[in-house]
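Asks: With the sequences and hints as input, model every part of the structure.
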Amino acid sequence: MTMAIEKPAVAAPWINNAGMVVIGAWIAALLLAAIVLAAWLTGPDGLTSNFSARLQPPSWLHPFGTDMLGRDMLVRTVKGLALSFQVGIVAAGISVVIATCLAVVAASGYRLADAIVSFLVDMTMGLPHLVLLILISFALGGGTGAVIVAVAITHWPRLTRILRAEILQLQNAEYVTVSRNFGNSRWFIARHHFLPHLVPQMIVGFVLLFPHAILHEAGLTFLGFGIEPSKPAIGILLSESMRSLTAGNWWLGLFPGLMLLVAVLCFDFVGNGLRTLTDPRGSQQ
Amino acid sequence: MSLLAIEGLSVSFRRYRSPVRQVGVKCVSDISLDVYPGEVLALFGASGAGKSLLAHAVMGLLPQNAIVGGVMRFEGRLLDRKEQARMAGSRIALIPQSVSHLDPLATVGQQLRWAARRARRPMASAGDMQRTLARFDLEPGVSRAFPHMLSGGMARRIMLAMTTVCQADLIIADEPSNGLDAENTAIVFRWLKSFAEAGKSVIVISHDLAATLQIADRVIILRDGYVAAHEHADAFDGDGKRLLAPYARSVWKALPQNGFAEVEA
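Sequence lines, in order, name chains Z and P. Oh and the first sequence: position 195 is 194 in numbering that gives the first Met the number 0, straight run, nothing missing. Oh and the second sequence: position 44 is 43 in numbering that gives the first Met the number 0, straight run, nothing missing.
Just so you know, the hints here were simulated from the structure itself, not pulled from any lab data. Computed from a predicted model, the values in this text were never measured in an experiment. Mixed in with the good hints there might be a few duds.
Said to hold, decoys possible - One-sided and incomplete, this derived list gives chain P residues near chain Z with beta-carbon spacing under 10 Å:
id, residue
1, Met-58
2, Gly-59
3, Ala-65
4, Val-67
5, Gly-68
6, Gly-69
7, Gln-83
8, Ala-84
9, Ala-87
10, Leu-104
11, Gln-110
12, Trp-113
13, Arg-117
14, Pro-121
15, Ser-124
Stated by the list, open to error - Okay, the calculated beta carbon distance ranges per label pair:
id, chain 1, residue 1, chain 2, residue 2, range
16, Z, Leu-40, P, Gly-151, 43 to 53 Å
17, Z, Tyr-109, P, Ala-260, 56 to 66 Å
18, Z, Pro-195, P, Lys-81, 58 to 68 Å
19, Z, Leu-111, P, Val-22, 23 to 33 Å
20, P, Ser-46, Z, Leu-276, 40 to 50 Å
21, P, Arg-76, Z, Pro-195, 48 to 58 Å
22, Z, Leu-264, P, Ser-17, 50 to 60 Å
Note that beta-carbon positions come from the ideal geometry of N, C-alpha and C, so glycine has one too.
Replies: Here it is as structure tokens:
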């Protein structure tokens with residue numbers, strides 16, 4: 000008698016739930032890549048002023064209209080999004096790394112380490128986000144780098160809590176107890192037993208942090224503590240649009256805002272797809 | 000010389016009766032037994048008799064609040080915490096009760112390789128893996144499966160395979176027949192017997208007396224945490240006249256094939 004994993008006798012449907020998610024993720028990823036590529040390919044051309052075409056509503060020549068200096072809003076939006084991705088991905092990535100490291104330290108079994116990390120988490124969560132963001136960005140002198148640092152070191156607490164709880168739960172799992180008692184090192188357990196369980200949480204955390212990071216970048220820039228106004232960041236576009244919204248120039252705010260929403264949704268799809276792909280339990284769906 | 004000798008083992012748990020008062024709850028008391036190379040020792044008893052506690056005490060798998068008394072020796076050397084950490088997983092192997100002892104997010108092959116590496120006998124090639132799996136009638140493809148894809152019988156075979164890759168001398172099987180039908184139970188028990196025939200010591204923990212008797216050399220019956228009977232397997236025969244302890248006779252007669260008599264309290 001042999002036991003084996005065989006192909007099912009009944010043909011599987013050509014696409015299943017997980018397949019849909021993955022295809023959606025690919026489309027979303029391609030869209031995001033297209034935006035970055037377009038921003039890179041257009042070069043500085045779209046950003047030169049053209050005073051004969053100021054504040055034009057959407058047309059075939061300028062699908063997103065033009066701003067008060069006659070610059071094409073489509074080009075500015077695409078370039079702004081590309082910059083926002085950069086800020087969002089780097090800042091959210093750093094946040095996830097910080098959160099993972101602190102969570103591992105907190106759940107390592109040393110009470111003092113746990114107390115210190117928990118105190119840091121509570122303290123950071125207790126302070127108003129925006130005040131801290133403005134403080135850090137201002138102290139670092141503003142600019143893209145300052146925004147990234149400010150967003151990165153204020154967004155880790157929530158994920159740290161989630162990952163810490165996850166590890167504490169795993170510490171009590173029978174296979175971890177067995178592994179520990181059989182003389183496997185802490186490093187082996189963290190690397191082989193904990194990390195595969197944390198990856199889905201880390202991806203979800205990253206995906207949730209990304210729009211947060213972009214919105215905070217936009218917020219900081221809007222308040223004047225963020226990216227320099229010469230750069231076409233989404234926050235700058237939105238803050239500019241506020242000034243002339245009452246004059247009826249609706250396209251200045253609507254299109255960049257919509258594009259930001261679409262981009263964040265796309266990112267969400269990609270994250271979801273990644274999570275589905277990395278979870279072996281999903282193979283049965 | 001006995002491979003494993005246990006003298007006066009007791010296990011109790013610290014528990015809080017009230018917010019400030021701590022009491023010890025004794026679960027296993029004064030158990031002494033020896034296991035010799037090449038034999039199968041059956042630990043038999045009702046649920047809660049302390050069979051698994053005994054196994055976990057030997058492996059050092061008890062929770063933090065457990066207090067272990069008595070002396071355990073492995074090959075004549077005192078089996079303390081440090082020695083346990085050295086022996087468990089290499090010289091002493093546990094075949095656990097449930098799949099929850101396998102990492103749900105690592106493939107079976109990966110976990111077999113870990114078990115081999117832990118015992119400092121790493122698997123060099125894919126052929127090693129295939130041979131190990133084939134020994135237990137598993138196809139090579141099984142090494143790529145995750146634990147949740149296995150049936151109960153397959154999972155049990157994987158755990159048997161793990162004990163063979165680390166080539167342990169003492170194998171403790173915790174309820175190996177749990178959740179298996181008669182045919183699969185017979186297969187698993189035959190393998191356990193073959194380990195003993197190869198000169199290793201096997202401790203089988205079970206509450207299925209009839210099945211266990213087919214492979215056991217000696218039977219120890221636990222009851223409420225102490226040794227109620229210590230019998231030779233051949234004594235379980237006929238109407239149990241040759242059994243020494245009254246409790247053993249009573250349990251023997253309670254089997255369906257022996258009259259279904261009520262167990263004396």
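Asks: Tell me, which hint numbers fail for this structure?
Replies: Checked against the structure, the hints that fail are numbers 3, 4, 5, 6, 14, 15, 16, 18 and 21, while the rest are satisfied.
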